[in-house]
Amino acid sequence: MTGIEIIRPGILTTVQDLGRTGHAHEGYPECGAMDVLSFEIANSLVGNSRTAAALECTALGPGVRIHGRVIAAASPNAGLAVNGNHVEPGKPLLLGDGDTLDMTAIDGFRAYLAFRGGISVPEVLGSRSTDMKSRIGGLEGRRLKAGDRLKIGKTGNSLQGAFLRWRAAHASLPAHPWTHAPSQVIHVTLGPQKERFTELGIATFLSGTYTISMDSNRMGLRLEGPKIESDGGTDILSDGIMNGSIQVATGGLPIIMTADHQTTGGYAKIAAVIPTDLPVLAQMKPGEHIRFESVSEENALVCYMACMESVDRLRKDMMIWEKWI
Amino acid sequence: MTIIRYGITGVLCQFESRIDEETGKKVAALTAAVDQSGLPGILERVPAYCSLMIRFDPRRMRYETLCDFLKEAEKKLDAAGQAKEPKIVEIPVHYGGEDGPDLSFVAEHACLSEQEVVRIHSGKAYRIYMIGFLPGFPYLGGLDERLFTPRLSSPRTRISAGSVGIGGQQTGIYPMDSPGGWQLIGRTKITLFDPSKPPLYQAGDLIRFVPV
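Protein chains in written order, with this note's numbering: chain A, 1 to 325; chain B, 1 to 212.
Don't read these hints as lab results, they were simulated from the structure. C-beta atoms are modelled at their ideal positions from N, C-alpha and C, and glycine is treated no differently. Some clues are possibly wrong.
Below, a sample of chain B positions facing chain A; criterion: calculated Cβ distance under 8 Å [said to hold, decoys possible]: (1) Ser37; (2) Leu39; (3) Gly41; (4) Arg45; (5) Arg55; (6) Cys67; (7) Leu134; (8) Lys197.
Here are the simulated DSS-like cross-link-like pairs (lysine-lysine), alpha carbons at most 25 Å apart as the crow flies [claimed, not checked]: (9) Lys197(B) - Lys133(A); (10) Lys189(B) - Lys133(A); (11) Lys189(B) - Lys87(B); (12) Lys189(B) - Lys194(A); (13) Lys84(B) - Lys25(B).
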């Protein structure tokens, strides 16, 4: 069986894809990769389709043993070692039976490890993403631990590996918006409940510096900083939430809802993080700082289209040879 | 109904902010209209008490196109809401005993006998306004006010799947094992959480509890 065995699980390693879409009204959180851009780059580097599942690694990456022959690649922010020897980041690797692959460093907070053919776990409601709260998807709906084995979907041969490496050498990877700056600007569009806040409240939100709290996880980032003044409280009759919604809780502090968020919530939402800045948040650690800047929907849409195009271009670059071999 | 832009991938259709059957019917009718619209790129639609959130793929549909559709759909809501008979889902419940450890408290609090609490609770169908909190967790409206009971002062760390409870002015069912602070009055043996099957109920349906 072609697959991988977890030797060291790292801090929080889970199987993720682009998320469980179309079931929010049944109460299933979306889940999926927190940093979709890095996830797509890793998948593209091994010539996978968008829907293939990969490993999301947090803070401290895993070590795996290879069974059979596989082609692997990590997002460019990960340091990798094969059998103890460091390899160039952002390149596909051809690995043989018994090889060990270690993620030795993560620049940022989350990195992705993709295998040609994808992680082969059963789909639940159309997705392989791990939903740790409902305990579905991924491997038994939980984080990976030492000794776990995961099958890899039908894998390519060494010739494909060679082509991928050659392709990757010539491909230009999409730029990632995260930088090493100690404080990052996160772009938001205001609404849908901005009228629940006073002018002063909105001004506080857009000028204050917020710190990512230790209580943050894949469900949401809790923020500490200046309290946002509302007009008569922030309780609303619960309504739908999406990835990037910023709720303001009773105490006046914002919470950014992320991949594993509940599907509905009862706090007013002052704004939404633009989709292309969610990968920035996914790379930030508790204790780091952010500041919000408001942009128009039109500008946010232009950023989104450009980002998606750069991902599409990379995928085409990497897959163009597929029909020849 | 107000159409509010919700980032570049979403829209919130907001009705008057209240919990009542008329609003619930409008939300259900609008949800059905969106489902039947054939619009490309609709990724999610989440009906709630007095709103419908729609998430879409901006590469497949423009915001303006969705807005135009919603404005047209709104004109037909009243008729659509009246026409559709809601589905009634019967949930067999064993009230009291180990399955409903707080039934006696609820009865005492209401100055009723346990039998009367069961009779009142199972005596009507409840509208599902929203599914949330957990997969399959129904937010039900219309609990008889005699049964309003405060939540536990300290939540239980584990409530068994199928437990039926009362929390404040609401009643509902825990679809899976979970922590929770509601007063538990009974339990159903029906499996409510099974991702391999279509859900038993959705927002807009009615739930009736049948004592067994």
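Practice task
Check each numbered hint against the structure and report the violated ones by number, ascending.
Solution key: 1, 2, 3, 6, 8, 12
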